[in-house]
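Chains as they are written, first to last, in numbering that gives the first Met the number 0: chain A, 0 to 491; chain B, 0 to 491.
No lab work stands behind these hints: they were computed from the structure.
Just so you know, not all the hints are guaranteed correct.
Copies of the same chain look alike in the list, so a pair counts if it works inside one copy or between any two.
To be verified - Okay, derived cross-link-like pairs now, DSS-like style, lysine-lysine, Cα gap no bigger than 30 angstroms in a straight line: (1) K173 <-> K314; (2) K271 <-> K173; (3) K58 <-> K284; (4) K271 <-> K310; (5) K363 <-> K284; (6) K66 <-> K284; (7) K271 <-> K58; (8) K39 <-> K370; (9) K173 <-> K348; (10) K37 <-> K374.
Number of protein chains: 2
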Amino acid sequence: MVKGEEMSGNLEWTINMPNGKSKILGPERGLVGRTWEKLKSLVVGFVMKIWKFLVESWKIGVAEPKKFIHCIKVGLALSVVSTFYYMRPLYQSVGGNAMWAIMTVVVVFEYMVGTTICKSVNRAIATIAAGSLGVGVHWIAGHCGEKYEPIVIGASVFIFASAATFSRFIPTVKARFDYGAMIFILTFSFVSVSGYRVDNLIILAQNRVSTIAIGTSLCVLISMLFWPVWAGDQLHHQTISNLEKLANSLEGYVAEYFSNGETPNISEEDLKKKILGYKCVLNSKASEESMANFARWEPAHGHFYFGYPWKQYLKIGAAARNCAYCIDNISSCVDSEMQAPEFLKNYVKDRCINLSFCSSKVLKEAATAIKTRRKSSSTDFLVHEMNSMVQDLHDALKSFPTIRDHADRDGEKIENLNKELLIAEILPLGTFVTLLIETAARIEDTSVEVDKLATMAKFKTQKEKRPKQNELTVIPCTNSRDQEAMKTLEMV
Amino acid sequence: MVKGEEMSGNLEWTINMPNGKSKILGPERGLVGRTWEKLKSLVVGFVMKIWKFLVESWKIGVAEPKKFIHCIKVGLALSVVSTFYYMRPLYQSVGGNAMWAIMTVVVVFEYMVGTTICKSVNRAIATIAAGSLGVGVHWIAGHCGEKYEPIVIGASVFIFASAATFSRFIPTVKARFDYGAMIFILTFSFVSVSGYRVDNLIILAQNRVSTIAIGTSLCVLISMLFWPVWAGDQLHHQTISNLEKLANSLEGYVAEYFSNGETPNISEEDLKKKILGYKCVLNSKASEESMANFARWEPAHGHFYFGYPWKQYLKIGAAARNCAYCIDNISSCVDSEMQAPEFLKNYVKDRCINLSFCSSKVLKEAATAIKTRRKSSSTDFLVHEMNSMVQDLHDALKSFPTIRDHADRDGEKIENLNKELLIAEILPLGTFVTLLIETAARIEDTSVEVDKLATMAKFKTQKEKRPKQNELTVIPCTNSRDQEAMKTLEMV
Chain A
0 MVKGEEMSGN
10 LEWTINMPNG
20 KSKILGPERG
30 LVGRTWEKLK
40 SLVVGFVMKI
50 WKFLVESWKI
60 GVAEPKKFIH
70 CIKVGLALSV
80 VSTFYYMRPL
90 YQSVGGNAMW
100 AIMTVVVVFE
110 YMVGTTICKS
120 VNRAIATIAA
130 GSLGVGVHWI
140 AGHCGEKYEP
150 IVIGASVFIF
160 ASAATFSRFI
170 PTVKARFDYG
180 AMIFILTFSF
190 VSVSGYRVDN
200 LIILAQNRVS
210 TIAIGTSLCV
220 LISMLFWPVW
230 AGDQLHHQTI
240 SNLEKLANSL
250 EGYVAEYFSN
260 GETPNISEED
270 LKKKILGYKC
280 VLNSKASEES
290 MANFARWEPA
300 HGHFYFGYPW
310 KQYLKIGAAA
320 RNCAYCIDNI
330 SSCVDSEMQA
340 PEFLKNYVKD
350 RCINLSFCSS
360 KVLKEAATAI
370 KTRRKSSSTD
380 FLVHEMNSMV
390 QDLHDALKSF
400 PTIRDHADRD
410 GEKIENLNKE
420 LLIAEILPLG
430 TFVTLLIETA
440 ARIEDTSVEV
450 DKLATMAKFK
460 TQKEKRPKQN
470 ELTVIPCTNS
480 RDQEAMKTLE
490 MV
Chain B
0 MVKGEEMSGN
10 LEWTINMPNG
20 KSKILGPERG
30 LVGRTWEKLK
40 SLVVGFVMKI
50 WKFLVESWKI
60 GVAEPKKFIH
70 CIKVGLALSV
80 VSTFYYMRPL
90 YQSVGGNAMW
100 AIMTVVVVFE
110 YMVGTTICKS
120 VNRAIATIAA
130 GSLGVGVHWI
140 AGHCGEKYEP
150 IVIGASVFIF
160 ASAATFSRFI
170 PTVKARFDYG
180 AMIFILTFSF
190 VSVSGYRVDN
200 LIILAQNRVS
210 TIAIGTSLCV
220 LISMLFWPVW
230 AGDQLHHQTI
240 SNLEKLANSL
250 EGYVAEYFSN
260 GETPNISEED
270 LKKKILGYKC
280 VLNSKASEES
290 MANFARWEPA
300 HGHFYFGYPW
310 KQYLKIGAAA
320 RNCAYCIDNI
330 SSCVDSEMQA
340 PEFLKNYVKD
350 RCINLSFCSS
360 KVLKEAATAI
370 KTRRKSSSTD
380 FLVHEMNSMV
390 QDLHDALKSF
400 PTIRDHADRD
410 GEKIENLNKE
420 LLIAEILPLG
430 TFVTLLIETA
440 ARIEDTSVEV
450 DKLATMAKFK
460 TQKEKRPKQN
470 ELTVIPCTNS
480 RDQEAMKTLE
490 MV
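Using the sequences and the hints, build the whole thing.
Written as structure tokens, this is what we have:
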């Protein structure tokens, strides 16, 4: 019910709600009021966005404090190089070209030492090469008469810039000298064109080279001396963590497949996070390639010498990705609606879990070998064990047609006890097992690549050691042969 | 037989070869000779390397002539911007700061229009923002007394540079404003530090902004007007070609699996190249993301409007990669040593080939829909058909246990005719079929993503058309149901 009342000269509309309460309708706000409301919500939204952004940034920094340190290092380098402006003798020593030093620091200082060195070397060589060429072209142009000088210079700029630009499309140049090619174009254009206006080109070139030398050496020193982030280290650790992620995912999926819906001890979220680790491996190619590329520029550090076989890490990465593709298909099997009946699953459950355990052990052993830079003494044995488990699974599959007796003996309630076991029922399990076996084969390939790295990088041989009793907590096997195998495994 | 002879004062060694010829051993070459030899081989090797490099470069250019054109465009832009040096009025108009225009062209001009625009906008905004901030800081520092001026400036450079450097680690900033953050640091350091030496900072800032404006607008104009390479176009075409590659690989592998070692009509090399196409899809994520990122900066061009749903291409790409992971596993099945017996393969051969044909048709239809920007009218039907073929395969698998009769009826010679068909024999085929079915499911997902793109980008609806008779050249099916389905397919 709506009624209008005239009260103290103001018209008010009151709505009586069905719940007995009444609400007074105020006059509609004017343009100013609405604009104010809009503006307020905009500002609040903006402030909220900035706050979210800051929180996100803070989290990134806390997760990797080296990123915070990098920022401080850049600030430090810039402050140091700025002294060339503040101190008169320094300023005059580079003829007022101090800004080149600043520019060098800004564009050359990168997160990883290798990137910084790569860019510094590129910048230095390209500047010197293009500078000399520019002076040469200017000298030639100077002998062609005033009329033709700009034409000669213009033509040479056009030709050299085009050629250098094209070189950036060539994969080998792109990988190593992309930045150098850009600096070459820049410096060459500067020097040859400036020659037209600046009288003493040699001094200009000298100043530019000396400021760049100051900038690059400062960057390289600061990036190497204070909490350095080595591209090689990053690649090393990423490779290790990728192998471990694969191991966890594989174990996780196989356990989930046979879990019968039971919830494991750890929380669902943690489990999902652990299990989905392989997805990081799927798209690791680009970052690995760039790290391997920059790692090659780095001097000896820690246990890595100059000329360390970084390329082998790319091969390990490729092999690991192959494993990840397989695990991706295993994940489809786990999530699939078509599932084999439980009694069938139980028939191979222990064998599958043991195989996944052993496969992931091979991966973890490979990761440990890289981590400790020691040739693992147990890899060969583990791979051999893995292969014999694969054979065992094959054997188990062969005895499937007589499974009816087996299920019968266990006294389980199976509806299709009387008819032949349908292929369609076995197939989801069969595919799962086949993929597991294929994964084992690909894991062996990965292990071979890690062994090659061990040989190339002259890893030390590990002392024979007995694993502790609790290190191998395998699920007891159903048949005596597996139990024997497990005993052997424990005794190594 | 070796004998020494004294002839005309020189000692010579002659070796009589078993074939009757004799060879005179000359005196060992001296240091000069050896060095000369080494030098010669070095020079020849170097020349050969350069020659190879040039040939390789030429091939790259011929394969994509747009790369040649890009180089010419860069040369052109640089030549145009150089006129600021050659022409006195132009040179004076920017107060001798013409080099900023050159630098802008060199660092901003990129292969794709989107990249150029992104960098230009970043550079312009960052320069203006950092310039104003720098002038402000300089003004504040000027009021702090001569003693504190360098300290205030130094501290502000340290703080802003560190903050801007950190922002580059944040994914959203990294994707869109990485270059801007760098230019911000550069300009801010320049302006605030230069203020200490340069008297009229405003004019310096003005000149810098105007030269950058000249440089960026020149780059954007040249890159857009002459044979532009749009990031959006590239992404569009790469997505289409990836879908087609998947279709070819799938068809190829299935055909190879059932080929019984027969050689197809096309050469082995062509076949391998066609079949391995899916490998390009596996690692396409990084390039797709960068292209989608740059495509967003591009103005309307061709059929693509500003704000085109480029992000949806990334989803299609992700779905396509999922298909590729499956095909990778199918390739393992094809190359595997463990193969099902021929008579078993023959039992599902036609169904599998038809399914692969239909699946790849769905992919090709999706590719065509993107290519022609028309909603395909037959996709729904094809997907439905694909799913019914999948069901058909499931049915076929269910009837496997009675396959003995079937094989018997065909009168084939099968050794294990008398015993039960072993699971281990069926399994390799079963896995292959399951993977094929999984691939079909993932292809359906891809098709759904393409449909979403069609809705988002308002693709036109395709007119109903009859496919030509020879468009559908399926292998005749073994059972009447499939034949009927195929007839329906031909009638659409």
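Taking the hints in turn, this is what the structure says about them:
Proximity of K173 to K314 under the C-alpha cut-off of 30 angstroms is found in both arrangements, the shortest distances being 21 angstroms within a copy and 29 angstroms between copies. In this assembly of identical chains, K271 and K173 lie within 30 angstroms of each other by CA distance solely across copies; the values are 28 angstroms between and 39 angstroms within a copy. Both within a single protomer and between protomers do K58 and K284 lie at most 30 angstroms apart by alpha-carbon distance, with minima of 26 angstroms and 26 angstroms respectively. With identical chains, the CA atoms of K271 and K310 are at most 30 angstroms apart between copies only, with a shortest distance of 26 angstroms across copies and 32 angstroms within one.
For a Cα distance limit of 30 angstroms, the shortest separation of K363 from K284 qualifies both inside one copy, at 21 angstroms, and across copies, at 27 angstroms. Taking identical chains as interchangeable, the C-alpha atoms of K66 and K284 lie at most 30 angstroms apart whether they share a chain (23 angstroms) or sit on different chains (25 angstroms). Taking the shortest Cα distances, K271 and K58 sit within 30 angstroms of each other inside one copy (21 angstroms), while across copies they are farther apart (48 angstroms). In the homo-oligomer, the alpha carbons of K39 and K370 never lie at most 30 angstroms apart, since the shortest distance is 55 angstroms inside one protomer and 46 angstroms across protomers.
In this homomeric assembly, K173 and K348 never come within 30 angstroms of each other (Cα to Cα): the closest approach is 51 angstroms inside a single copy and 47 angstroms across copies. For the identical chains of this complex, K37 and K374 are neighbours neither inside a copy (67 angstroms) nor across copies (40 angstroms), given an alpha-carbon limit of 30 angstroms.
Checked against the numbered hints given earlier, the structure breaks hints 8, 9, 10 and satisfies all the rest.
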